[in-house]
Amino acid sequence: MSLKTSQSAPGVRPARRRGAGWLLPAGLITFGLVPILANALRRVAMAVAPATPSSGEGGGMSLPVILHVVGATVFVVLGALQFSAGFRRRRPSWHRIAGRLATLAALLAAGSGIWLAFATLADYSPLLFVFRLLAAAGLALCIILGFRAIRQRRLPRHRAWMIRAFAIGLGAATQVFTLGFGEGIFGESELSIALLNGAGWAINLAVAEWIIRRTPRRVVRPAADQTGVPA
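Just so you know, we're using our numbering here: the sequence shown kicks off at 3 and counts up by one.
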């Protein structure tokens, strides 16, 4: 009996597997954009609403907020697409361009995050300020170290730092759950809110470290330098 009908031609992947390769990027984009867009809409509503003494944060779409929303949105979308290995192989030049744009967007989000942390210092607890400052600074540091690693052709190190950066960038998405469930259990004190926000970043970084350590290191050939690892 011939086996030709049961085997795929070399280099040809079933359509179902190609489609499955987009599930992770699509899920990450959805997960990351929901809190960003929700917060942006809330800010817009605050900006157009009549000013009141009890408006809380007292802002709307201020410049640091706009910069943070734009930077975080671009970073989440382009960063998530880097997780599609098939897309990286088929579009290596796009991968490099998108990686550079994601890097710039992440630095914009980190810089505006530090700006926002200081701008809203009087509105939140000192502990939450420290967590936000550490998250923004940590994002910038991971991006810088990841960029340095790819320039040195240290691909596993580059991949690890970019995964950590993306985990920090998804902190707001995880905080939807830590705050949503945690406030019902621990209440809404300044301490609990700060710790629940911090838990969002901590959970993401723990998952990132697990992913980094469970992925076997591969010897990358020179010809594959630009296509094998997210940039």
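Hints are not guaranteed to be accurate.
To be verified - Pairwise CB distance ranges, derived in the manner of DEER restraints:
#: 1; residue 1: GLY186; residue 2: GLN154; range: 45 to 51 Å
#: 2; residue 1: ALA124; residue 2: LEU147; range: 19 to 25 Å
#: 3; residue 1: ARG93; residue 2: GLY182; range: 17 to 23 Å
#: 4; residue 1: ALA40; residue 2: ALA124; range: 22 to 28 Å
#: 5; residue 1: LEU147; residue 2: ALA204; range: 36 to 42 Å
#: 6; residue 1: LEU26; residue 2: MET63; range: 28 to 34 Å
#: 7; residue 1: ARG93; residue 2: LEU123; range: 40 to 46 Å
Rather than coming from a laboratory, the hints here were simulated on the basis of the structure. Every residue gets a Cβ at the ideal spot worked out from N, C-alpha and C, and that includes glycine.
Checked hints:
Our hint of 45 to 51 Å for GLY186 and GLN154 holds, since their Cβ atoms are close to 47 Å apart. For ALA124 and LEU147, the Cβ-Cβ distance of about 33 Å falls outside the hinted range of 19 to 25 Å, so the restraint is violated. Separated by about 37 Å at the C-beta atoms, ARG93 and GLY182 break the suggested range of 17 to 23 Å. For the pair ALA40 and ALA124, the supplied restraint of 22 to 28 Å holds, since their beta-carbon distance comes to about 24 Å.
A beta carbon spacing of about 20 Å between LEU147 and ALA204 contradicts the range 36 to 42 Å that was offered as a hint. Hint check: LEU26 to MET63, Cβ distance near 31 Å, so the stated range 28 to 34 Å holds. The supplied range of 40 to 46 Å is met by ARG93 and LEU123, whose beta-carbon atoms lie about 43 Å from each other.
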